Amino acid sequence: GDSVTQMEGPVTLSEEAFLTINCTYTATGYPSLFWYVQYPGEGLQLLLKATKADDKGSNKGFEATYRKETTSFHLEKGSVQVSDSAVYFCALSEGSGGSYIPTFGRGTSLIVHP
Amino acid sequence: NAGVTQTPKFRILKIGQSMTLQCTQDMNHNYMYWYRQDPGMGLKLIYYSVGAGITDKGEVPNGYNVSRSTTEDFPLRLELAAPSQTSVYFCASRTDRKLGYTFGSGTRLTVV
Numbered sequence: 001g002d003s004v005t006q007m008e009g010p011v012t013l014s015e016e017a018f019l020t021i022n023c024t025y026t027a028t029g030y031p032s033l034f035w036y037v038q039y040p041g042e043g044l045q046l047l048l049k050a051t052k053a054d055d056k057g058s059n060k061g062f063e064a065t066y067r068k069e070t071t072s073f074h075l076e077k078g079s080v081q082v083s084d085s086a087v088y089f090c091a092l093s094e095g096s097g098g099s100y101i102p103t104f105g106r107g108t109s110l111i112v113h114p
Numbered sequence: 115n116a117g118v119t120q121t122p123k124f125r126i127l128k129i130g131q132s133m134t135l136q137c138t139q140d141m142n143h144n145y146m147y148w149y150r151q152d153p154g155m156g157l158k159l160i161y162y163s164v165g166a167g168i169t170d171k172g173e174v175p176n177g178y179n180v181s182r183s184t185t186e187d188f189p190l191r192l193e194l195a196a197p198s199q200t201s202v203y204f205c206a207s208r209t210d211r212k213l214g215y216t217f218g219s220g221t222r223l224t225v226v
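Residue numbers (our numbering), protein chains in the order written: chain A, 1 to 114; chain B, 115 to 226.
Everything labelled a hint here was simulated from the structure, so no lab data went into it.
Just so you know, not all the hints are guaranteed correct.
Stated by the list, open to error - Simulated crosslink set (DSBU-like; lysine-lysine; CA at most 30 Å straight-line):
1) B:Lys171 to A:Lys77
2) A:Lys56 to A:Lys77
3) A:Lys68 to B:Lys212
4) B:Lys128 to B:Lys171
5) A:Lys77 to A:Lys60
6) B:Lys128 to A:Lys60
7) A:Lys52 to A:Lys77
8) A:Lys52 to B:Lys212
9) B:Lys158 to A:Lys52
10) A:Lys52 to A:Lys68
11) B:Lys212 to B:Lys171
12) B:Lys158 to B:Lys123
13) B:Lys128 to A:Lys68
14) B:Lys212 to B:Lys158
15) B:Lys128 to B:Lys158
16) B:Lys128 to A:Lys56
17) A:Lys60 to B:Lys212
18) A:Lys52 to B:Lys123
19) B:Lys171 to B:Lys158
20) A:Lys68 to A:Lys56
21) B:Lys123 to B:Lys171
22) A:Lys60 to B:Lys171
23) B:Lys212 to A:Lys56
24) A:Lys77 to B:Lys128
Predicted model, so just to flag it, every value in this text is computed and none were measured.
Put together the whole structure using the sequences plus the hints.
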């Protein structure tokens, strides 16, 4: 079945450091890929998405590129801020097979120190 | 546009009690989902629905029930609450699979 693997956290960085959170996937069909962010005490919010190979999703300085050849969708940001501290979830939609159930990674906690 | 609204935000239940977690969306989304998130863990799918009158089990349905009588509402019922059901519950909805979910803000449930 479909699966999403994220790097283990927590990821601890200093403010203005470069961020990479790795995400790889296995899937049948042609899924769309997503990154969600969960701030403490809140629900998940869609951060960015990509719907086909080589698409780049971007939002709030974060970027991720849909790499079909490496089955990856790594999240990057050039300069993190303390306010970026949160848990980040990589996810893929079901493929064209109609299962209706997306797949989420386990989440990666990011802690940014001043 | 309120999005996905969950009530209550917090609740403490005694073992054996029952309750209904409410979820309402105003975006005319066909697909709705209930997840639970245990501390420091990811999401586990409890139930989902692809439209009014249609529901199906997810990964961890035991101890829960759902109904979907309208497009807008997708309540989750807990019967005979157990400490293992202490968790944060999230409702989510979506339309096209390429557009991602909209999540509610969650219900934090403690069973004592």
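Index of numbered hints that the structure contradicts, given in increasing order: Hints 1, 6, 13, 16, 18, 22 and 24 are the ones this structure does not satisfy, whereas the remaining hints hold.
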